[in-house]
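Undergrad: Modelling step: build the complete structure from the supplied sequences, incorporating the hints.
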Amino acid sequence: MKQSTTTTNISRRNFLKITSLAGGGVLFGFELLANVAPEAAADAAPLFSPNAYLSIDPNGIITLMAPNPEIGQGVKTALPMLLAEELDVDWNKVVITQAAFDKEKYGNQSAGGSGAIRGRYEPIRKAGAVARQMLIAAAAQTWSVPEAECATENGFVLHKTSGKKLGYGELATKSASMPVPQNIKLKDPKDFKIIGKRIKNIDNHGILTGKPLFGIDTRREGMLYCMVSRPPAFGKKLKSFDDTEARKVPGVKNVVRTENVVAVLATNTWAAKKGRDALKVEWEEVSKPESTTDHLAAFKDLILQKSEKPDRNDGDAEKALGGAKKVLESVYEVPVLSHAPMEPINFFADVRDGKAELYGPTQVPGRAISDVAKALGIAEANITLGLPRQGGGFGRKLRSDNVVEAALISSAAKAPVQMLWTREDDMQGDFYRPSSMFRYRAAINNNNELDGWYLTAVALNGRAAAVDNFPAGALPNYRVDGHSLPTNIQTGPWRAPTHNAVGFAEQSFLDEIAHALKKDPIAFRLELLEKAKSNPTGKVNYDVEKFKGVINLVKQMSNWDKNTPGRFKGFAAYYSFSTYVAEVAEISIVNGKPKVHKVYAAVNCGQVVNLSGAENQVQGAIVDGLGHAWFTELTFDKGAVQQKNFNTYKMMRMQDAPLDVEVQFVTTNDAPTGLGEPALPPIAGVVCNAIFAATGKRIRKLPFGNELKA
Amino acid sequence: MATYTITVNNQKRTVDVLPDTPLLWVLRDELNLVGTKFGCGIAQCGACTVLMNDNAIRSCSYPVSAVGTNKITTIEGLSEQGDHPVQQAWDEMDVAQCGYCQSGQVMAAVALLKRKPHPTDEDINAAMSNICRCGTYVRIRKAIHLAAQKK
Numbered sequence: 001m002k003q004s005t006t007t008t009n010i011s012r013r014n015f016l017k018i019t020s021l022a023g024g025g026v027l028f029g030f031e032l033l034a035n036v037a038p039e040a041a042a043d044a045a046p047l048f049s050p051n052a053y054l055s056i057d058p059n060g061i062i063t064l065m066a067p068n069p070e071i072g073q074g075v076k077t078a079l080p081m082l083l084a085e086e087l088d089v090d091w092n093k094v095v096i097t098q099a100a101f102d103k104e105k106y107g108n109q110s111a112g113g114s115g116a117i118r119g120r121y122e123p124i125r126k127a128g129a130v131a132r133q134m135l136i137a138a139a140a141q142t143w144s145v146p147e148a149e150c151a152t153e154n155g156f157v158l159h160k161t162s163g164k165k166l167g168y169g170e171l172a173t174k175s176a177s178m179p180v181p182q183n184i185k186l187k188d189p190k191d192f193k194i195i196g197k198r199i200k201n202i203d204n205h206g207i208l209t210g211k212p213l214f215g216i217d218t219r220r221e222g223m224l225y226c227m228v229s230r231p232p233a234f235g236k237k238l239k240s241f242d243d244t245e246a247r248k249v250p251g252v253k254n255v256v257r258t259e260n261v262v263a264v265l266a267t268n269t270w271a272a273k274k275g276r277d278a279l280k281v282e283w284e285e286v287s288k289p290e291s292t293t294d295h296l297a298a299f300k301d302l303i304l305q306k307s308e309k310p311d312r313n314d315g316d317a318e319k320a321l322g323g324a325k326k327v328l329e330s331v332y333e334v335p336v337l338s339h340a341p342m343e344p345i346n347f348f349a350d351v352r353d354g355k356a357e358l359y360g361p362t363q364v365p366g367r368a369i370s371d372v373a374k375a376l377g378i379a380e381a382n383i384t385l386g387l388p389r390q391g392g393g394f395g396r397k398l399r400s401d402n403v404v405e406a407a408l409i410s411s412a413a414k415a416p417v418q419m420l421w422t423r424e425d426d427m428q429g430d431f432y433r434p435s436s437m438f439r440y441r442a443a444i445n446n447n448n449e450l451d452g453w454y455l456t457a458v459a460l461n462g463r464a465a466a467v468d469n470f471p472a473g474a475l476p477n478y479r480v481d482g483h484s485l486p487t488n489i490q491t492g493p494w495r496a497p498t499h500n501a502v503g504f505a506e507q508s509f510l511d512e513i514a515h516a517l518k519k520d521p522i523a524f525r526l527e528l529l530e531k532a533k534s535n536p537t538g539k540v541n542y543d544v545e546k547f548k549g550v551i552n553l554v555k556q557m558s559n560w561d562k563n564t565p566g567r568f569k570g571f572a573a574y575y576s577f578s579t580y581v582a583e584v585a586e587i588s589i590v591n592g593k594p595k596v597h598k599v600y601a602a603v604n605c606g607q608v609v610n611l612s613g614a615e616n617q618v619q620g621a622i623v624d625g626l627g628h629a630w631f632t633e634l635t636f637d638k639g640a641v642q643q644k645n646f647n648t649y650k651m652m653r654m655q656d657a658p659l660d661v662e663v664q665f666v667t668t669n670d671a672p673t674g675l676g677e678p679a680l681p682p683i684a685g686v687v688c689n690a691i692f693a694a695t696g697k698r699i700r701k702l703p704f705g706n707e708l709k710a
Numbered sequence: 001m002a003t004y005t006i007t008v009n010n011q012k013r014t015v016d017v018l019p020d021t022p023l024l025w026v027l028r029d030e031l032n033l034v035g036t037k038f039g040c041g042i043a044q045c046g047a048c049t050v051l052m053n054d055n056a057i058r059s060c061s062y063p064v065s066a067v068g069t070n071k072i073t074t075i076e077g078l079s080e081q082g083d084h085p086v087q088q089a090w091d092e093m094d095v096a097q098c099g100y101c102q103s104g105q106v107m108a109a110v111a112l113l114k115r116k117p118h119p120t121d122e123d124i125n126a127a128m129s130n131i132c133r134c135g136t137y138v139r140i141r142k143a144i145h146l147a148a149q150k151k
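So the protein sequences, as listed, match chains A and B. At position 637 of the first sequence (counting the first as 1) the number is 637 in full-length UniProt numbering, and the numbers step up by one without a gap. At position 53 of the second sequence (counting the first as 1) the number is 53 in full-length UniProt numbering, and the numbers step up by one without a gap.
Simulated from the structure, these hints should not be mistaken for lab results. Keep in mind that the hints are not guaranteed to be accurate.
Calculated cross-link-like contacts (lysine to aspartate or glutamate; reagent style EDC-like; alpha-carbon spacing at most 20 Å) [what the hints assert, rightly or not]: (1) Lys555(A) with Asp660(A); (2) Lys701(A) with Glu512(A); (3) Lys595(A) with Asp123(B); (4) Lys593(A) with Asp83(B); (5) Lys126(A) with Glu221(A); (6) Lys142(B) with Glu662(A); (7) Lys355(A) with Glu221(A); (8) Lys248(A) with Asp16(B); (9) Lys142(B) with Asp660(A); (10) Lys142(B) with Asp656(A); (11) Lys595(A) with Glu30(B); (12) Lys200(A) with Glu30(B); (13) Lys414(A) with Asp353(A); (14) Lys126(A) with Asp191(A); (15) Lys326(A) with Asp242(A); (16) Lys103(A) with Glu380(A); (17) Lys595(A) with Glu122(B); (18) Lys197(A) with Glu92(B); (19) Lys253(A) with Glu30(B); (20) Lys93(A) with Glu92(B); (21) Lys593(A) with Asp121(B); (22) Lys598(A) with Asp123(B).
TA: Here it is in structure tokens:
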């Protein structure tokens, strides 16, 4: 198994000490070296590092940096693959290092919006290609031959006619003095040796042997373990506390408060938890505590209201509905969800003497640093932030609340702390996927065609509809009205925000229309897509041919037209994050419960970078989306979550997971598009459409497990 | 506080902790064996799964005072080189996404394979109740079948 390294943020003054400890084997970018005092730099091993993404030392050790946080989406493996491809090195011989946060060197280091590969595909390949061309230049000069006669292969420069060969390590010192090439030639995709191949997760060995890869695994000299007492409900704020009993717990060292939490610091986690539980805390109501029943009642009212400003309004949907031969109307509903990453919220912070060292899980290191700087009143330059592997993100860690909380606690305690939330803290302290409701009306005209579509959507705290979604563009009359219900419950992005709810509602409603028109659900979609091409209305934000491509592919993969007794199929297709996904599920009903035998997914995400990782993302997104649609909801009673842990907050487990998920990617060399999220939105509709095919029951409310019991 | 001597990964280890301290926190905080993970604290998710003798237990809800002379094995002690057949199978199938739950999944699978060297899909469904939030169940199932072939 391949091994990788993780750095904490290494200050410039410590650079030499650390390189010498590492025997020169771990090296950092030239910009770092440039900031080391000249006399010190002279002592360091000369190395070739034309940019912050890679370095080659004279011993031939090639270090590739993984710039973005790894939250399970696979970028710690995939981004260095891009470098390795263009650098032309043996993947099995490179060292991969997770970069700490450094915006000067790495720009946007966030993990979100399925954007890391999309944003870095070209820049990182160029970083690798620059180095490769400089290595060629150094070899050509050494041999006094034209560069054009030189080629590279697996970490060597070769001179074709003479058979001469030099390793990148041997060329490292000389390459550093070569001019940086201005015209960079990237590889032709037909020559790819690494991009598009199955490459294993770079951290497999560490994960499978229990290495301290995660933020929660941080251990430092003098570190105190910390648990916090946090508000028990939205609308409540810390008033006062009595820590007499907490301080009596053996192992408890300190109790501090920040504005809204009380933190107990101890010599181990259990003592911190017992101390936390022994606090007597008084909370005061600062805003009206809300319940899920309040939200639903308000939704039901809002969903009937016409918006003065439609989000999109092509033709005249009201008129089409008024003159329709038949109107179909359905209301769909999805609950609040928690992110519930498996690694509960935590962060390490050591804030002393106007400086802060931070280490832990965040999807937005840039935002975290600036928020901590503001909260502590210190300069960003005095803060370092290291990025461990993260036990899932799903959008939870797009907020920096955990980072700020840990920093404030460390600052108050004047000690290095590792703050950890319990699962119950996490369930109550999340920024949730908002609940939403969708009222669809479809007009069927005298020619038995869909010619009008009117969606009224409402969500907690924000936009419920993805307004330009297909079938927008395919229909002469198309309108979307959106309403937002303000709430004091924290909401935020959850894997495929908005799409994760819309996908279910819209793909189910399209299925309803197809059945009402007695059309095959796939043929119906293809027919609408033809209209978006031949006679588009308004903005068409999707590529018809790419959409049709994945639909036809999944049709073929799943033998859509072939019926097996006792088995039923459902279909949906969805476009998000610039990626097209079509899915079919094959289910049976066993004792009134669905059994998902197989899911087929056809995906067009442009060039696949890591085939194994990409397939894993699609399989995982399908299982994730299916599990939440089937089992999961979070409800509130007077601001407090009613599902506080996994005994009541039900998650997908092995017994209900599909036995297989077959994934095929459309072969293309188009630049990569998003992949962490796009396979999730369609799956709830896919399986609910299959349930309709099997039982005649139309699911309009999630989680569907509850509906099938009813 | 009280002193306990327990056998972890074939070594006798002595710790001085509160008697109700779950084994999980003894492993993580006292013995620095952080491969065993905290996920829920109520024996629901299985991220904290370790072996007690040959059985999978959820260490977050197992007090250290109850361990006695039973032998505990954690992910760190499963093999010297990380080459136990289950570890190999997990690597070959490239199961992990975030990886956080996988040490618990591996330990649960090791216990299953000790009991049933060639488990059926139904056996896997019954034995593998750990939560993977990333949804790697399809690959976990394949990895268990692969590990069974290796033995």
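Undergrad: Determine for every hint whether it applies to the structure shown.
TA: Each hint, compared with the structure:
no., hint, verdict
1, Lys555(A) with Asp660(A), "holds (17 Å)"
2, Lys701(A) with Glu512(A), "holds (14 Å)"
3, Lys595(A) with Asp123(B), "holds (16 Å)"
4, Lys593(A) with Asp83(B), "violated (39 Å)"
5, Lys126(A) with Glu221(A), "violated (41 Å)"
6, Lys142(B) with Glu662(A), "holds (13 Å)"
7, Lys355(A) with Glu221(A), "holds (17 Å)"
8, Lys248(A) with Asp16(B), "holds (17 Å)"
9, Lys142(B) with Asp660(A), "holds (9 Å)"
10, Lys142(B) with Asp656(A), "holds (15 Å)"
11, Lys595(A) with Glu30(B), "violated (44 Å)"
12, Lys200(A) with Glu30(B), "violated (33 Å)"
13, Lys414(A) with Asp353(A), "holds (9 Å)"
14, Lys126(A) with Asp191(A), "holds (16 Å)"
15, Lys326(A) with Asp242(A), "violated (66 Å)"
16, Lys103(A) with Glu380(A), "holds (11 Å)"
17, Lys595(A) with Glu122(B), "holds (13 Å)"
18, Lys197(A) with Glu92(B), "holds (14 Å)"
19, Lys253(A) with Glu30(B), "holds (17 Å)"
20, Lys93(A) with Glu92(B), "holds (19 Å)"
21, Lys593(A) with Asp121(B), "holds (18 Å)"
22, Lys598(A) with Asp123(B), "holds (19 Å)"
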